[in-house]
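With chain A's structure known, arrange chain B on it following the hints.
As they're listed, the protein sequences go chains A and B. Numbering follows my numbering, in which position 149 of the first sequence is assigned residue number 149; successive positions increment by one, without gaps. Numbering follows my numbering, in which position 289 of the second sequence is assigned residue number 1289; successive positions increment by one, without gaps.
Just so you know, these hints were derived from the structure itself, not from any lab. The structure presented is a predicted model; accordingly, all values stated were derived computationally and were not measured. Every residue gets a Cβ at the ideal spot worked out from N, C-alpha and C, and that includes glycine. Please note: incorrect hints may appear among the correct ones.
[As the list claims (entries may be wrong)] Take a look, some chain A residues computed to stay more than 10 Å from chain B by CB distance: (1) Arg3; (2) Ser4; (3) Arg33; (4) Ser41; (5) Thr133; (6) Glu179; (7) Ala186; (8) Tyr258.
[Stated by the list, open to error] Think about it this way: if two alpha-carbon atoms lie no more than 35 Å apart in a straight line, the pair counts; the simulated DSBU-like pairs of lysine-lysine are: (9) B:Lys1307 - A:Lys307; (10) A:Lys311 - B:Lys1191; (11) A:Lys307 - B:Lys1311; (12) B:Lys1307 - A:Lys78; (13) B:Lys1191 - A:Lys139; (14) A:Lys117 - A:Lys307; (15) A:Lys311 - B:Lys1269; (16) A:Lys132 - A:Lys311; (17) B:Lys1311 - A:Lys191; (18) A:Lys311 - B:Lys1311; (19) B:Lys1269 - A:Lys307; (20) A:Lys311 - B:Lys1094.
Here's the letter readout for the chains.
Protein chains: 2
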Amino acid sequence: VSRSYAIIGTGAIGGFYGAQLSRAGFDVHFLARSDADFIRSNGLFVESTDGNFNIPHVNVYQNARSMPRCDVVAIALKSTANNILPDVLPWVVKKNGVVLVLQNGLGAEEEVAQIIKDTSVLGVLCFVCASKTGPGRIKHLAFGHVTIGQFTSNGRPSGITSVMRDISTDFSKAGIVSENLPDLGAARWKKLVWNVPYSGLSVMLSATTEAINANPHSRQLAHDMMREVCMAAAACGHSLEQPVPDMMVNYTDTMPPYAPSMKLDYDAKRPMEVESIFGNPLRAAQNAGVQVPRLEMLYRELAFLDKMNRKQ
Amino acid sequence: VSRSYAIIGTGAIGGFYGAQLSRAGFDVHFLARSDADFIRSNGLFVESTDGNFNIPHVNVYQNARSMPRCDVVAIALKSTANNILPDVLPWVVKKNGVVLVLQNGLGAEEEVAQIIKDTSVLGVLCFVCASKTGPGRIKHLAFGHVTIGQFTSNGRPSGITSVMRDISTDFSKAGIVSENLPDLGAARWKKLVWNVPYSGLSVMLSATTEAINANPHSRQLAHDMMREVCMAAAACGHSLEQPVPDMMVNYTDTMPPYAPSMKLDYDAKRPMEVESIFGNPLRAAQNAGVQVPRLEMLYRELAFLDKMNRKQ
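Just chain A, with the same shape it has in the complex (with noise of 0.2 Å):
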């Protein structure tokens, strides 16, 4: 019997990994908001590069407590939205069940765990860009594989466990390339080498990834922003290779131009993620000793204008 799924978040990335799990035939099972109603009658559409596909009839809700218990929960929320997980997750994961979160930046499996205890939680790291264009509507532009780790109380890491294969083979079968990380720590870090300064930069410029990758200041900006946050990694615990931010400047040139999910959020005046992608790496290096100048001066920047953004 296949695992049973249940998507919080029917955005761009719950909609997107939902859909291709719906389509590889496991029992899926969507939270939504705004568009539970338009979902139910019309499905899921996903507008992509590696070719269109809808799934008519959708399993979707708007309450979770209507929902089923299923094997796997998978939080597709903005960070920003974790408030409502208190009130979500002990009505749809099952007792010694699964949940992956497929968030950015630094702390959302910590409060996971401490909502819901006898449960894998799984970080999901997400390399996709994507976002959602209209109702039940995701438009998928590049990329989409996902690496996974498993998260631990004491921060070490879990080495390649049964519970992560599992997931990994489920994501085989749905066509979804991923890959098994011993350290979840060091991916999350990872991540955020690219996430700090092409999500925090897009919104303070104004810039897509390829304005920012064009102007010499922006360029240089980036990859000392990047310096830090491995730095930050390191006093964490989670050293990463020494040319990471040569190496991932030089790939984000080869990106379609892209405004990254959290400049959207800017533009539609939605809250950003500035806690998870900012606030708890700048703590997290603080709290380790490590000076990291540009990413408070980021964070704090940030916080400003999502604090104007949402007063008007």
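Relative to the frame of chain A, chain B by itself:
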């Protein structure tokens, strides 16, 4: 016989101080650009909290070559327009004359000294909230005093010179409160302590001084930047008193909500004084071996925005 004055640039600063000298009976000649004809017909109007006044008959020129040589030449251009100085100064400065640099940031006095030899070059730091609100029209919001220091080619303190005394005597007659300072470098750096955070953040955060101070993140950021600028000043041989950052942040609370001229320039898609206020101090700090990551980041952010702003 009283000294004659040439005012190079009839914006907020040149218009405000030039009008005060005119009102006191000095022989003043203005170089203006777009509103030269308007001023010739209508004069200058200063709307001020200290009392409105106008100068009905103004000697105004569009070309420096038409101007008479003056005893004192006051440069009140945006520093971004300093590339015109080699075509201006040789025509208006008298032999053994005085040049006043009424600009923010670092580097202008060196430029002037290279263009004109045998001239006293003084820096005049204007502590004034004023803006140009229309042709020939200046709005004075608050303050207005200046500090005066003499440029020396080796960067060492000049002490109080007789030229400084002459100028401050003239200013006093015109109702301009001035203070002579023995170390121009220290005065310039001290002003940068305010200008770097408030001018820079007003653009990055689209905020007035009041909004910057009201949010704990941006207030802290302003303070942290001030500390960097103080460290850079010290490394360049100009020690500022220890409590300068606290004092300046608190002092700014007492100011009227103010959009620095850099913010007005940005909004009007005019060039911003990125190099004089950020680039030159940054390079001075780096040459002195000081790390100023927030100043550097702000410089790079503003350089990016300035370039984009002028492309559009």
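Structure-based check of each hint:
| no. | hint | verdict |
| --- | --- | --- |
| 1 | Arg3 | holds, 43 Å |
| 2 | Ser4 | holds, 43 Å |
| 3 | Arg33 | holds, 29 Å |
| 4 | Ser41 | holds, 41 Å |
| 5 | Thr133 | holds, 26 Å |
| 6 | Glu179 | holds, 33 Å |
| 7 | Ala186 | holds, 25 Å |
| 8 | Tyr258 | holds, 17 Å |
| 9 | B:Lys1307 - A:Lys307 | holds, 27 Å |
| 10 | A:Lys311 - B:Lys1191 | holds, 32 Å |
| 11 | A:Lys307 - B:Lys1311 | holds, 29 Å |
| 12 | B:Lys1307 - A:Lys78 | holds, 33 Å |
| 13 | B:Lys1191 - A:Lys139 | violated, 50 Å |
| 14 | A:Lys117 - A:Lys307 | holds, 34 Å |
| 15 | A:Lys311 - B:Lys1269 | holds, 26 Å |
| 16 | A:Lys132 - A:Lys311 | holds, 24 Å |
| 17 | B:Lys1311 - A:Lys191 | holds, 32 Å |
| 18 | A:Lys311 - B:Lys1311 | holds, 31 Å |
| 19 | B:Lys1269 - A:Lys307 | holds, 26 Å |
| 20 | A:Lys311 - B:Lys1094 | violated, 56 Å |
Comparing the model with each earlier hint shows violations of hints 13, 20; every other hint is respected.
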